[in-house]
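S.K.: Please build the complete structure, drawing on both the sequences and the hints.
As a plain string of letters, each chain reads:
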Amino acid sequence: AQTVTQSQPEMSVQEAETVTLSCTYDTSENNYYLFWYKQPPSRQMILVIRQEAYKQQNATENRFSVNFQKAAKSFSLKISDSQLGDTAMYFCAFGSGGSNYKLTFGKGTLLTVNP
Amino acid sequence: SAVISQKPSRDICQRGTSLTIQCQVDSQVTMMFWYRQQPGQSLTLIATANQGSEATYESGFVIDKFPISRPNLTFSTLTVSNMSPEDSSIYLCSADGTIHNEQFFGPGTRLTVL
Numbered sequence: 001a002q003t004v005t006q007s008q009p010e011m012s013v014q015e016a017e018t019v020t021l022s023c024t025y026d027t028s029e030n031n032y033y034l035f036w037y038k039q040p041p042s043r044q045m046i047l048v049i050r051q052e053a054y055k056q057q058n059a060t061e062n063r064f065s066v067n068f069q070k071a072a073k074s075f076s077l078k079i080s081d082s083q084l085g086d087t088a089m090y091f092c093a094f095g096s097g098g099s100n101y102k103l104t105f106g107k108g109t110l111l112t113v114n115p
Numbered sequence: 001s002a003v004i005s006q007k008p009s010r011d012i013c014q015r016g017t018s019l020t021i022q023c024q025v026d027s028q029v030t031m032m033f034w035y036r037q038q039p040g041q042s043l044t045l046i047a048t049a050n051q052g053s054e055a056t057y058e059s060g061f062v063i064d065k066f067p068i069s070r071p072n073l074t075f076s077t078l079t080v081s082n083m084s085p086e087d088s089s090i091y092l093c094s095a096d097g098t099i100h101n102e103q104f105f106g107p108g109t110r111l112t113v114l
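From first to last, the protein sequence lines stand for chains Z and R. At position 69 of the first sequence the residue is numbered 69 (our numbering), and the sequence of numbers has no breaks. At position 2 of the second sequence the residue is numbered 2 (our numbering), and the sequence of numbers has no breaks.
Derived by calculation from the structure, the hints in this document are not laboratory data. Since the model is a prediction, treat every value here as computed from it, not as a measurement. Do not rely on the hints blindly, as some may be mistaken.
As the list claims (entries may be wrong) - Covered by chain R, according to a simulated footprint, are these stretches of chain Z (three or more residues, beta-carbon under 8 Å):
#1 39-51
#2 94-104
Stated by the list, open to error - If you want the ones that stay clear, here's a sample from chain Z, every Cβ over 10 Å from chain R, calculated:
#3 M11
#4 F68
#5 K70
#6 A72
#7 Q83
#8 T87
Just so it is clear, CB atoms sit at the ideal spot from N, CA and C, and this is done for glycine as well.
M.R.: Structure below.
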């Protein structure tokens, strides 16, 4: 079974600075999908960014980018120019590339952006 | 991306009663999922609901306790039966997106059992 590990329960960053959240996973599969979700205090889960394992290029979405290291099974999220609205719980998630459409979530990292 | 709504957004229930949570998607989707999220914790998948077939439950969750309906491609319900305080949690539904494994989530239902 796949496991997803987020080793940073809490992090904080000053507004306008850059922060990196770490995520590692364990799988024997070669084709899979990785996601970062954001859950603000409103508790709405929002998809931030996704990465297909077969793509070597790291995904980017505006201020959000990932560092995908397939051999190291690492999938970190970098948030540039942090904003107060980025304060949220961030979950890393793994999805198998087979017929199983389920997601396995990490325990989450609570990010606080300070003014 | 799909827009998903849930009702109720929150409820306070008495021990031994049941609550049905509704999940509505604004477009047709193949798979819908139900999760439980304890306060400050990650998401735990309860079951996967496909239209026209029985839901597939994860280890530790049973149909008698969490019956699920999926009458069409835009709607699903989760019932929490014979509730106890241990069922107090946030219940989230999600639906599959266009990318494999991608899921979009509803706003959740906060359930408190007294």
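S.K.: Each hint: holds or not?
M.R.: Comparing the hints with the structure gives:
{"no.": "1", "hint": "39-51", "verdict": "holds (count 7)"}
{"no.": "2", "hint": "94-104", "verdict": "holds (count 6)"}
{"no.": "3", "hint": "M11", "verdict": "15 Å, holds"}
{"no.": "4", "hint": "F68", "verdict": "15 Å, holds"}
{"no.": "5", "hint": "K70", "verdict": "16 Å, holds"}
{"no.": "6", "hint": "A72", "verdict": "21 Å, holds"}
{"no.": "7", "hint": "Q83", "verdict": "21 Å, holds"}
{"no.": "8", "hint": "T87", "verdict": "15 Å, holds"}
Violation of the numbered hints given earlier is absent; every hint is satisfied by the structure.
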